[in-house]
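2 protein chains.
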Amino acid sequence: MYFLGIDLGGTSIKGGIVDKEGRILAQGQVPTKAQDGAEVVLAQMATLTEVLKVTAGIKESELQGAGVGIPGSVDVEKGLVRLAPNLHWSNFPLKEKMEKVLGIPVSLDNDAHVAALGEMWQGAGRNYKDILMVTIGTGIGSAVILDGEVRRGFWGYGAELGHVKVDPEGALCQCGGRGCLETLASATAIVHQVERELKRGRPSSLQHKPGLEAKDVLLAAREGDELALEVVNRAASYLGIALANAVFLLGPEVVIIGGGVAQAGEVILKPLKERFVEALGPWQIRPLPLLAARLGNKAGFVGAAYLALSLLEKGCNE
Amino acid sequence: MYFLGIDLGGTSIKGGIVDKEGRILAQGQVPTKAQDGAEVVLAQMATLTEVLKVTAGIKESELQGAGVGIPGSVDVEKGLVRLAPNLHWSNFPLKEKMEKVLGIPVSLDNDAHVAALGEMWQGAGRNYKDILMVTIGTGIGSAVILDGEVRRGFWGYGAELGHVKVDPEGALCQCGGRGCLETLASATAIVHQVERELKRGRPSSLQHKPGLEAKDVLLAAREGDELALEVVNRAASYLGIALANAVFLLGPEVVIIGGGVAQAGEVILKPLKERFVEALGPWQIRPLPLLAARLGNKAGFVGAAYLALSLLEKGCNE
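Respectively, the protein sequence lines represent chains A and B.
Residues in the first sequence are numbered from 652 upward in steps of one, following the numbering used here.
Residues in the second sequence are numbered from 652 upward in steps of one, following the numbering used here.
Just so you know, these hints were derived from the structure itself, not from any lab.
One copy or any two copies: either way a pair holds, since identical chains are not told apart in the list.
With a straight-line cut-off of 25 Å between C-alpha atoms, the simulated SDA-like cross-links for lysine to any residue are:
{"id": "1", "residue 1": "924", "residue 2": "807"}
{"id": "2", "residue 1": "684", "residue 2": "753"}
{"id": "3", "residue 1": "780", "residue 2": "806"}
{"id": "4", "residue 1": "704", "residue 2": "675"}
{"id": "5", "residue 1": "710", "residue 2": "747"}
Could you put together the complete structure from these sequences and hints?
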């Protein structure tokens with residue numbers, strides 16, 4: 652039994668074929684071409700799938716199902732992409748479309764959700780069933796897994812740690828809210844804060860750097876640049892406190908931090924962990940593991956494959 | 652089948668006998684006498700139980716079990732009161748002691764947890780299975796109920812919304828943390844903030860009021876006192892945002908607000924609700940009910956009786 656996992660991003664589509672023990676038989680990536688419209692994106696996914704099947708050397712009939720991680724909100728039951736701004740999709744019936752193309756059952760979920768499932772299955776979340784995962788990249792994604800299942804909650808879109816209000820007088824977020832964690836601690840927010848200070852004439856090794864990215868800021872912080880350190884520490888501080896506050900409410904067994912920013916390692920994880928532990932204070936009657944994600948950018952397609960596998964297993968049990 | 656519910660407070664013990672449909676056959680209250688030691692407290696509970704049984708007119712054998720709500724942290728499995736500062740108890744084997752006295756199964760839980768169970772069973776939480784309840788009194792208690800069960804989480808003591816950090820540079824909390832919600836929005840915090848401003852010479856109708864209590868502040872706010880309004884609005888604002896942030900993580904079906912402060916009504920609930928709705932912003936694809944608790948100070952013993960009932964039912968199913 653093999654499963655196709657697809658991590659549909661705004662820029663690239665990553666995919667893999669995974670067996671039911673979580674071994675990756677093939678993996679690859681193609682550009683999304685979102686600007687060319689949904690049909691082209693679908694064709695890109697179909698092409699990637701064909702390449703993966705050939706690479707894995709499996710027969711058509713051995714592929715049991717596919718899962719897709721979506722950069723946006725998903726109606727899981729209906730198999731509908733409700734809103735994916737990076738793809739310019741709204742209310743797009745992706746499940747139905749893909750099932751027609753691939754001829755196997757397709758299930759969808761939000762990208763942060765599938766990444767968390769991937770880490771639970773094969774990464775830092777192995778051995779845990781109650782997981783809080785946060786993915787710090789362009790935005791801040793999150794997932795709450797309780798008893799092995801993604802919690803979707805009242806509105807169906809799951810946890811939104813990125814939109815927790817940490818500074819009610821703060822900047823306006825893309826979501827329309829004010830002072831969301833995402834406006835202070837995402838890759839985008841880190842770059843914005845540095846750019847603002849540079850414009851004010853603040854000295855920094857990042858001055859005159861064209862096309863500044865979060866990874867440049869993180870690198871500069873590691874090299875001791877004062878401005879970069881200040882911005883990274885502030886982001887880490889907001890993240891650490893927001894995660895501690897989430898723990899006060901959820902009491903997960905583990906907190907996993909993933910995404911590009913977290914991959915920068917100790918320069919952000921160390922101050923984050925310090926503020927996390929400080930904020931939890933005397934309530935930590937035993938230490939709560941705070942772990943870096945392990946699967947990197949494979950978490951999405953591995954988790955998407957797990958989504959397909961787990962739905963098949965549920966179907967069998969019913 | 653009848654159940655005894657006891658709400659063990661620092662000052663008074665409230666209790667009732669409740670049938671399995673939630674009807675209250677008898678209710679009463681005695682002083683706790685915590686300063687006289689645990690044996691005296693136990694005797695007070697036994698006396699209250701006898702009075703309740705006589706009032707309800709039920710036979711000894713008809714009482715199937717008892718539940719007790721504890722103002723502190725509880726090891727539910729072991730039936731141990733881990734720490735109850737108001738009672739000066741630590742690691743007190745209350746379940747065992749009470750079972751000896753009463754001759755029926757006794758189960759314990761935290762007071763905020765049993766209050767939430769009470770509201771779920773017979774109050775504002777009827778028809779809901781995923782509930783976030785906050786109890787605003789001297790401190791701030793909270794409970795997360797998912798699928799009808801209190802969530803205890805990794806450390807076993809459940810949700811601690813009162814210790815979410817809302818102002819990292821804020822005042823020191825009794826828990827040792829800094830800027831906990833409890834230091835800004837509990838009854839105690841409301842009184843402290845008013846007293847501090849009065850000392851600074853701020854004019855207010857509350858000047859020279861001996862033994863100032865939160866209810867005086869809430870009354871003054873209702874009558875338009877500027878200082879009282881400012882303090883109450885600030886508390887409401889912190890509460891509204893903290894509850895919205897909790898909703899972003901948990902996605903409950905309903906939020907219930909109980910406790911003495913909440914009983915003051917619209918003067919605090921209206922600004923709280925405004926900030927709550929504002930903080931959730933565009934994420935509210937349908938309105939999430941934010942309700943005042945309905946059982947008042949009966950929630951504790953009704954929920955404690957439900958605890959006893961639900962454990963008995965679980966036992967029967969196993």
